[in-house]
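Student: Based on the sequences and whatever the hints tell you, model everything.
Protein chains in written order, with the working numbering: chain A, 1 to 164; chain B, 1 to 290; chain C, 1 to 784.
In short, the hints are calculated from the structure, not lab data. These numbers were taken from a predicted model, which means no experiment stands behind them. Using N, Cα and C, we set each Cβ at its ideal position, and we do this for glycine too. It cannot be assumed that every hint is accurate.
Ranges between beta-carbon positions, derived for each pair [unchecked claim]:
(1) B:A44 to C:E121: 22 to 30 Å
(2) C:P78 to B:P25: 39 to 47 Å
(3) B:P162 to C:R84: 49 to 57 Å
(4) C:R456 to B:Y155: 34 to 42 Å
(5) C:Q778 to B:E132: 35 to 43 Å
(6) A:K8 to B:P189: 33 to 41 Å
(7) B:Y155 to A:S74: 44 to 52 Å
(8) B:P162 to A:N160: 50 to 58 Å
(9) A:A83 to C:V530: 37 to 45 Å
(10) A:S74 to B:T65: 29 to 37 Å
(11) A:N160 to B:R87: 26 to 34 Å
(12) C:D387 to B:G256: 27 to 35 Å
(13) C:R713 to B:R87: 29 to 37 Å
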Amino acid sequence: MPELYPVKIHVNGTTYERRVEPRMHLADFLRHEIDLTGTHIGCEHGVCGACTVLVDGASVRSCLMLAVQTDGRSVDTVEGVAAADGTLNPVQAALSKHHGLQCGFCTPGIIMTITEMRKESGGRQWTEDEVRAALSGNLCRCTGYQGMVDAALEVLTPLNLGRD
Amino acid sequence: MKPVPFDYHVPTSVADAVELLRTLPNARALAGGQSLIPMMNLRAAAPSHLIDLGKIPDLCGVHETASNLRIGAMTTQRSLERSAVVRRHCPLLGEAVDHVGHQQTRNRGTIGGSLCHLDPGAELPVAAAALEMTFTVTGPGGSRTMSFDEFPAGYLTTTLEPDEILTHIDVRKTLPHEGYAFLEFNQRPADFAIVSVAVLLTLDGEQVSQVRVVLGGIDYAPIRLLEAEATLTGNRLDDKAFEAAAAIAAAHPCEGDEVSPPEFRQHLAGVLVRRALRKALERTKVSVNA
Amino acid sequence: MTDNPFQSWMSKSVPRVEDDRLLQGRGKFLDDIRLDRLLMAAFVRSPVAHAILKKINLDAARALPGVRAVFSYNDLRPLLSLDRIPLALPSGAIRFDVDPPALAHEEICYVGEPIAVVIAETRAIAEDAVALVELEFDPLPVVMDPRDGVDKDAPKARLDCPDNLVARHVLKYGNGEAAFAAAAHRVKDCFRLNKGGGHSMEPRGIVARVDDDDLLTVWDSTQMPHRAKAILVNALGLSEEKVRVIAPDVGGGFGPKAVFHPEELVIPAVALKLRTPVKWAEDRFESFTATVQERVQIWDMEAAFDAEGKLLAIRGQLFHDHGAATPYGVALPYNAATNLIGPYALPAYDLEILMCLTNMVPACPTRGAGRPQGTFVMERLLDRAADELGLAREEIRQRNLIPLEQMPYTIPVIMRDGSTMTYDSGDYPECQRRVLEAAGWSEFDKRRDAARRDGRFLGIGLSNYVEGTGRGPFESASIRVGPSGKIMVSSGATAQGQGVKSMLAQISAGVLGMNPKDVHVVDGDTNATVLGLGAFASRQAVTAGNAIYLATRRVAEKARAMAAHMLEASADDLEIADGNIFVKGVPQLKVTLGDVSKALSGMPGYAIPGGMEPGLEAAVDFQPGPLTYTNGSHVAEVEVDPDTGAVKITRYVVVHDCGRMINPMMVEGQVLGGVVHGIGATLLEWMRYDDQGQPATVTYADYLLPTCDVVPRIEIHHMESPTPLNPLGVKGAAESGTIGAPAVIVSAIEDALRPLKIRIRDLPVTPARLRALIAAAQGKGAAP
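Tutor: Okay, structure coming up:
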């Protein structure tokens, strides 16, 4: 049996120290080691995007990154997006307003993708085609994508970018 | 879909990484992991030791010299995509990277990892072949360089020894008057290419003085269309020339599958070569005028 | 009730009550369930499509550290009261039922069929153990094509069946022979229509726990928890009160989760034996191989028209790939066959449906459930006839659409519930007229010609369809107002993203003049409702929606009567709003719903005031009767690149009529998702197998789902033709969008390439297939 490997991972501002098997990917770490089950696993081969989280601010497939690779890094997940009192942030509120979610399984990954888009947008207005390209790494079977595209367009307008 | 058990190692120098690869049984280097880890999750790859290159300093970044760019093998596809230096001095590479996966995979995936994985549908090997990139690899006996032509060995296989690591790539700067184009065909924009083509073109007056035409998705590794290059060189790039090059591309023997059978890929190769040459030609004019 | 406060909520796009939790990652999906001592399961599955299983060696798997148990058929059988899982849905067409065993033994009939289960401390260890199991087979020939398979010389897909023709049905009315003999025009074609899997983003899964009182609690990512419970009670030999099935948050259903799969019996049986909670969370590789899917239907069809283009008759044969078992009866090909008729007057119909066993995972309904294929065939035949007669595509349809004055319209086909197929309401010609107008159909020629001059190939298509929705026999709903004034609703309806909780909350809150957020809804729990059916056939707004509507009205009436007694007022003068019952115009003269509930809860020894029955609650099992028919018309525009075969959908317009809408935002969400599912089936999704039955597409890199960047913005317009069949006047909306999509896209592609006279017969329309058609046409001398 391979040795357990010590890791120290900062998730949503809290530091977690665990000893894990090297084969455990980050999504399983989040879900099974620290009980943050909001990050979902839809394919485990890096296509569906349900497990998207931010590592040091950049969106990644957490099924394609080992927990041991995130040792010492910062991870942001869907659980850290809303305010502490449960008030939805603008991305979450816009998704609800535009009916950008139905079953909600893929939604956490989509929220994290849009969160990265907002951080990187540099205050510019996105076109619908750009939004669709940027969201194309998140599969959704329920919504036909239109509501989430509208939600993203709303929170990516320069006026709304600063609001969190 | 969980990988088989393995041990994990994080060397902090190339020498240490090479030593681990040399001494440990069934060891594999891990770059960005965007191809290797899905294969491990599917148990299609089952290394006993994973050597993570992610903490070795100096393997990342794009460094500019007078005539070259030196790109660290662990440079992410995302940083290439955003690199102003790459856009200015190696626009063909920039155009190829725009077709690679999604931002979530480009944030992790590296140029070295993509080249060494050598997927037939991958974009970066095709760009590397067209740009005549030079690969520097380090093994127990030190470093050596090779041209892209020497790099592929078979399906998903390179000529790297099991204990060698690709450390960086050198690519000459594309000159302002050179035309270029990277085109690919797929059913969804972010997928691997069914067929891709890279063209790099230099004119002397109206005549082609130098041209490289490389196809991806046709064989296990990118194919340089030497015959098409020879046909085009010294001639005007008119419709007849495009058709001649396209015919050569479409005649290349090809593998296929039920969705994209060989004859379809061959046809696409012809279409894309014609379109890429046209686009590259337009760009030579734009550059000259600029 | 002079003033109906319900009006203020009906047809309002109020936000969903589900969203807040889901948006914060606080949903509880199957794999999110945490229990003490929970063990993880992985299945040993057949690596071959057809074989005799000679030997199975579990020793190495059992010896692996971390493994708690391994069960093969022989280990499992003593835990079951039945040898096969009793899934059959009765049908006269079925020649023999093929119920699956819980674990395969003796004969193996498809790749992915479960053979044994490993229970271990982690999923990773369980997978390690699965890899150590040794299997020995004698291979058998495979059946992969439903037309070849019903040939009398075909090999048998299952040795335990007499032949591969598992069911045969002839759908026939009118005098087709005479019609064909007298027809001015006939068109004939053969179609090979593939449709893919459900592909909910959450795969299937199950958790089973036995507590100290022997209560078996099963969390199942299912569309039908009550059916799962009934099967478990039967197959495990337990009594009803010892089994509870809960559908937690379910991450999409789309059909496959309505089917009871072997894993849903194996995991509870094993948990009962081990008396330890066990979880199986399907991974994506398993869902590609072991979850039911749709596949190919082959249609050999001919249509007869009179000189004016009026349909006289349609006849032909439908070969349906049924896979290796029949867990959902004949619903899928039967839906396809009946939905072919669509919104058109078809005087005679004669279709032989041949359902063939094959060596692939069973075929079962996915979103649309056969209807997109039937509609595709009808719409292609109409386009063919339009070409033959020199009519415009909209014109031939106009001539055949059932006019409003003939509604309700009866077709002499007997449905599953014994009723005669009847379109209850809808204005089909107006629906087509509106979609043509919204899409600018009449100006399209100009755009197409202009684009053609620039070397671009644009095309436009049109399709019309109906969908029988709201299948019975019933759905349950109950409402209870507690002494606290809180409202609790429960129903046998079960949600997988449709917004069932919101729908039920909106209706009951509407009747009581409250905010939907103040209604607590429990769905998908067999302990919350004794009876229930769940999600299939776009039915829950019709069935559960009307059930909660009627139940809430009863509660409101009773509250009003009790309040009248308490306020010494006439019930007719009372109004309900915001949890209060008050005298109209005198809002300070009021009691709260909580006060009423308290008064109806009784005091020890005292009579209930007013001599009323105790409790402020009501339960209704609503029986909808026959199906209510939703209809729609789609127009799509495409741009085709004839050099590559690439198709880009540039515009998509839907006019949709599902009767009265409860929440238009949610209706549109259903239609959007349905259309995109249909786009996938038309252009991308193709589950492929090699000739030995090995699945060739087992990842999302190979099986292509529609992504955000390949689907267009979809415009939806509504008509509302209330159905007379239920009090709310509502019809189903969940699958409808899927039905019109393949037909309309293919019509548009053929239109774009009209000079080439391309005839598309296969779905999906991949670039290679389209390019091959173009090349063949160009070879004939036509130039695009």
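Student: All hints are to be evaluated individually against the structure, with a verdict given for each.
Tutor: Hints and how they fare:
1. B:A44 to C:E121: 22 to 30 Å: holds, 25 Å
2. C:P78 to B:P25: 39 to 47 Å: holds, 44 Å
3. B:P162 to C:R84: 49 to 57 Å: With Cβ atoms ~51 Å apart, the hint holds.
4. C:R456 to B:Y155: 34 to 42 Å: holds, 38 Å
5. C:Q778 to B:E132: 35 to 43 Å: At roughly 38 Å between Cβ atoms, E132 of chain B and Q778 of chain C fall inside 35 to 43 Å, so the hint holds.
6. A:K8 to B:P189: 33 to 41 Å: holds, 39 Å
7. B:Y155 to A:S74: 44 to 52 Å: Violated, at about 39 Å.
8. B:P162 to A:N160: 50 to 58 Å: Cβ of P162 of chain B to Cβ of N160 of chain A: about 52 Å, so the range 50 to 58 Å holds.
9. A:A83 to C:V530: 37 to 45 Å: holds, 41 Å
10. A:S74 to B:T65: 29 to 37 Å: holds, 35 Å
11. A:N160 to B:R87: 26 to 34 Å: At 29 Å between Cβs, range holds.
12. C:D387 to B:G256: 27 to 35 Å: holds, 33 Å
13. C:R713 to B:R87: 29 to 37 Å: For R87 of chain B against R713 of chain C, whose Cβ atoms are near 31 Å apart, the range 29 to 37 Å holds.
In this structure, only the earlier hint numbered 7 is contradicted, and the remaining ones agree with it.
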